[in-house]
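Starting from the structure of chain P, add chain C where the hints point.
There are 2 protein chains.
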Amino acid sequence: MEHFEQLNQCLQAGNLAELRQMLAEMNEVDIADFLQELDKEHTLLVFRLLPKDLSADVFSYMEADRQQLIVEGISDKEVQRVIDDLYMDDVVDFLEEVPANVVKRVLRTVDADTRQTILEYLKYPKDSAASLMTPEFAELHEDMTVKDALEHIRQTATEKETLDVIYVIDRTHHLSGFTTLYRLITTEGDAKVSACTDRGVLSVGTMDDKEQVAKTFARYDLSAMPVVDHENRLVGLITADDIMDVIQEENTEDMEIMAAITPSEKPYLKTGVFELAKHRVLWLLILMVSATVTGRIIGYYNGLLQSAVVLASFIPMLMDTGGNCGSQASVMVIRGLALGEVGMGDILRVLWKELRVGLLVGGILSLVNFGRILLFEHVGVMVAVTVSLSLYVTVIVAKCIGCSLPILARRCGFDPAVMASPFITTMVDAISLVMFFGIASNLLHLAA
Amino acid sequence: MEHFEQLNQCLQAGNLAELRQMLAEMNEVDIADFLQELDKEHTLLVFRLLPKDLSADVFSYMEADRQQLIVEGISDKEVQRVIDDLYMDDVVDFLEEVPANVVKRVLRTVDADTRQTILEYLKYPKDSAASLMTPEFAELHEDMTVKDALEHIRQTATEKETLDVIYVIDRTHHLSGFTTLYRLITTEGDAKVSACTDRGVLSVGTMDDKEQVAKTFARYDLSAMPVVDHENRLVGLITADDIMDVIQEENTEDMEIMAAITPSEKPYLKTGVFELAKHRVLWLLILMVSATVTGRIIGYYNGLLQSAVVLASFIPMLMDTGGNCGSQASVMVIRGLALGEVGMGDILRVLWKELRVGLLVGGILSLVNFGRILLFEHVGVMVAVTVSLSLYVTVIVAKCIGCSLPILARRCGFDPAVMASPFITTMVDAISLVMFFGIASNLLHLAA
Chain P
22 MEHFEQLNQC
32 LQAGNLAELR
42 QMLAEMNEVD
52 IADFLQELDK
62 EHTLLVFRLL
72 PKDLSADVFS
82 YMEADRQQLI
92 VEGISDKEVQ
102 RVIDDLYMDD
112 VVDFLEEVPA
122 NVVKRVLRTV
132 DADTRQTILE
142 YLKYPKDSAA
152 SLMTPEFAEL
162 HEDMTVKDAL
172 EHIRQTATEK
182 ETLDVIYVID
192 RTHHLSGFTT
202 LYRLITTEGD
212 AKVSACTDRG
222 VLSVGTMDDK
232 EQVAKTFARY
242 DLSAMPVVDH
252 ENRLVGLITA
262 DDIMDVIQEE
272 NTEDMEIMAA
282 ITPSEKPYLK
292 TGVFELAKHR
302 VLWLLILMVS
312 ATVTGRIIGY
322 YNGLLQSAVV
332 LASFIPMLMD
342 TGGNCGSQAS
352 VMVIRGLALG
362 EVGMGDILRV
372 LWKELRVGLL
382 VGGILSLVNF
392 GRILLFEHVG
402 VMVAVTVSLS
412 LYVTVIVAKC
422 IGCSLPILAR
432 RCGFDPAVMA
442 SPFITTMVDA
452 ISLVMFFGIA
462 SNLLHLAA
Chain C
22 MEHFEQLNQC
32 LQAGNLAELR
42 QMLAEMNEVD
52 IADFLQELDK
62 EHTLLVFRLL
72 PKDLSADVFS
82 YMEADRQQLI
92 VEGISDKEVQ
102 RVIDDLYMDD
112 VVDFLEEVPA
122 NVVKRVLRTV
132 DADTRQTILE
142 YLKYPKDSAA
152 SLMTPEFAEL
162 HEDMTVKDAL
172 EHIRQTATEK
182 ETLDVIYVID
192 RTHHLSGFTT
202 LYRLITTEGD
212 AKVSACTDRG
222 VLSVGTMDDK
232 EQVAKTFARY
242 DLSAMPVVDH
252 ENRLVGLITA
262 DDIMDVIQEE
272 NTEDMEIMAA
282 ITPSEKPYLK
292 TGVFELAKHR
302 VLWLLILMVS
312 ATVTGRIIGY
322 YNGLLQSAVV
332 LASFIPMLMD
342 TGGNCGSQAS
352 VMVIRGLALG
362 EVGMGDILRV
372 LWKELRVGLL
382 VGGILSLVNF
392 GRILLFEHVG
402 VMVAVTVSLS
412 LYVTVIVAKC
422 IGCSLPILAR
432 RCGFDPAVMA
442 SPFITTMVDA
452 ISLVMFFGIA
462 SNLLHLAA
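As given, the protein sequences belong to chains P and C, one line each in that order.
In my numbering, each residue carries its 1-based index in the first sequence increased by 21.
In my numbering, each residue carries its 1-based index in the second sequence increased by 21.
Pulled out of the complex, with its shape left as it was, chain P reads as follows:
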């Protein structure tokens, strides 16, 4: 950010009035980024310079370690103001990351009502719909008149609340539908709220999985979604910006699993070396030991290799191409499953598709390979036939394994993303070598 240099100059020169002026014109996300790069003392100094109505917003975009530093450095009164100005989901996100003494400090400073709400929210599991919701939303009783409803909003709503969608509840506090501010201001004042209420409202339960919530959100193009408890009483609201974060987290998680990494929510540069190593070594060990099976196969055919050692030089090409073909199919299917484009019942349709793709792609690759060997390698025609035929079969098998394992994994209740490149490659390696040596011993009349 070119801004940051100017800000830093002001800070170094002690030109705080100008700094304050510049900060007031910046976006809260950018200010949070700037604070993130300062040392402890300057972080506190700059945070205190922020206009009152900005400081909570900036706070919500900072990382937990910086948030803790700020809470530890400001007065009780300031803590109280910041917490009051935060959305409840941001308060809870923060409290979940910091040590117990900071949590205690925060709970001590806020008023009894807020404390009660915070404690309630802290009880929800991390992956639940409730962990994404805020209690800052507008609700109207369906038998209010529109005029009263508008007056109610005018008097009670705060800047914090989402008013894109206003939920309507019945006398028993159950969610009965939604309306919008636009509808209210374009409806006759004497009409009941129920007259401009849309009953087709999608809601989620507090304990629903947040990934499922994100899917529903995306499928129905929503901008907000109400959360209800087990008795269909409205308890919170989830907004689109939180859902975007869930979608990105989920995609990161999928990509990490697909690369044989135990997923973590921390950004890469913030993760320590030991933690990174820990998240990677387990799968590497499993895959390394699995790969020895492939080694055993080569070991078993040592006699054959000894009498035709030239075959060894085709092993990497066979293994790599097989692995790549399998990965392509598995990634397409894993992604299709994640987006809901492919279902568990589609396994035969998918297999049939991939079988034909394999026949086509395998044909092209084998032909090119056959030509290349004849032209550039000093080996006999039969070796070229052996390698190309093995390649053909490998490609087809790889496509079929690659496309079906993710669906089977989902059926067995596992994450399909596990069945990506590393796992598929290890499997296809073994199979391709067995076929390669099998075809070689038959076509070249060699004994294992």
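Calculated from the structure, these hints are not laboratory results.
Among the clues, some could well be false.
Given that identical chains are not distinguished, each listed pair holds provided it fits within a single copy or across any two copies.
Stated by the list, open to error - Subject to a maximum C-alpha distance of 25 Å in a straight line, what follows is the list of computed SDA-like cross-link-like pairs (lysine to any residue):
| # | residue 1 | residue 2 |
| --- | --- | --- |
| 1 | Lys-147 | Val-119 |
| 2 | Lys-168 | Glu-209 |
| 3 | Lys-168 | Lys-213 |
| 4 | Lys-213 | His-173 |
Computed from a prediction, not measured in an experiment: that's the story for all the values here.
The following block gives chain C in isolation, referenced to the frame of chain P:
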């Protein structure tokens, strides 16, 4: 969907009144899914049963081939009504997918103003911010009074418009900020709109790249974003639901590139076998030919292999583990770059991190491997040392290559996602074998 069976029963029984009743209570996305599964005649029949205010919504969620079928089957008047009720971005998405005769038909039926707008929108490139925007938004002049502004909205706004954010323009039609309906109804009627206008409004240009727009959207947690032309005049609005689609498309694209697939926007099951093959075969060919380098290396060391053919059985384990280690590092960095968590200037920081992770992970893997070989394989200690040492070096090199190539690719203006598993694996294979044979010829005193 369990619903669909009931709907189908009504349809088969000709019980159209009940069917209409059921449809009226369903969500438009689900109805679109249902229509998608019917044959041509029934699609038209059911579409015509839909309540008027639902049919355009349902239409917008259907695939282009079905949309075409409907437009070809309904009257000019019906076409006009559907198009009028659609958001402009949905109209344009549809027209971009269908043959010219359908486009002509649509343009002929709509009124002159709409035609003008459609033609303008069709000119924007597919990846531009403008391709996501709709002209259905509310704008206010900053020197209107709040009372007049509310009256203006009441009279001119339609159900279609987004009123979460209302953009404010100055006398020269330039975007000067935004306000909200909430602010308007809680401000004194005599005050000017400019008094409740927030000037810190982020906007994008019509020709900006849509991926960049999605990043800004996610970074600043926006729910809507104004689009301005090159003279900063407000021309359209982008909403969060369209951005979610862009984010998912972009993630799919990244995953496909990472699996050596030429990306496409079509869902997997809708893509034909030839198209799938076409998107996969190019990269496979490139990688296959690259893998022959690795084969050449083995060929070069044939003499060495002949005198110690047992070494061949460790090749798959070495290659796979090296590939997996490299992929892990590259995926973490590719994702970090995509999310903006890793910058191009971070290359040394990333290398230093991965070097240490490599030392750690490589150490663990080599030790386990050393123990496994001694315990389970009937080979000498020096072979175990050779293999484990090669593994150690391979892991470290793989981590360093895997993490730095994506950043270098970005620096050179390429998509970092290209530097994922398939490409890294092919490179690491060659390097690991050179080191393996180098170490073997030194430690085991074998001649190449």
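Discussion item. To test your reading of the hints: which numbers does this structure violate?
Written reply: none
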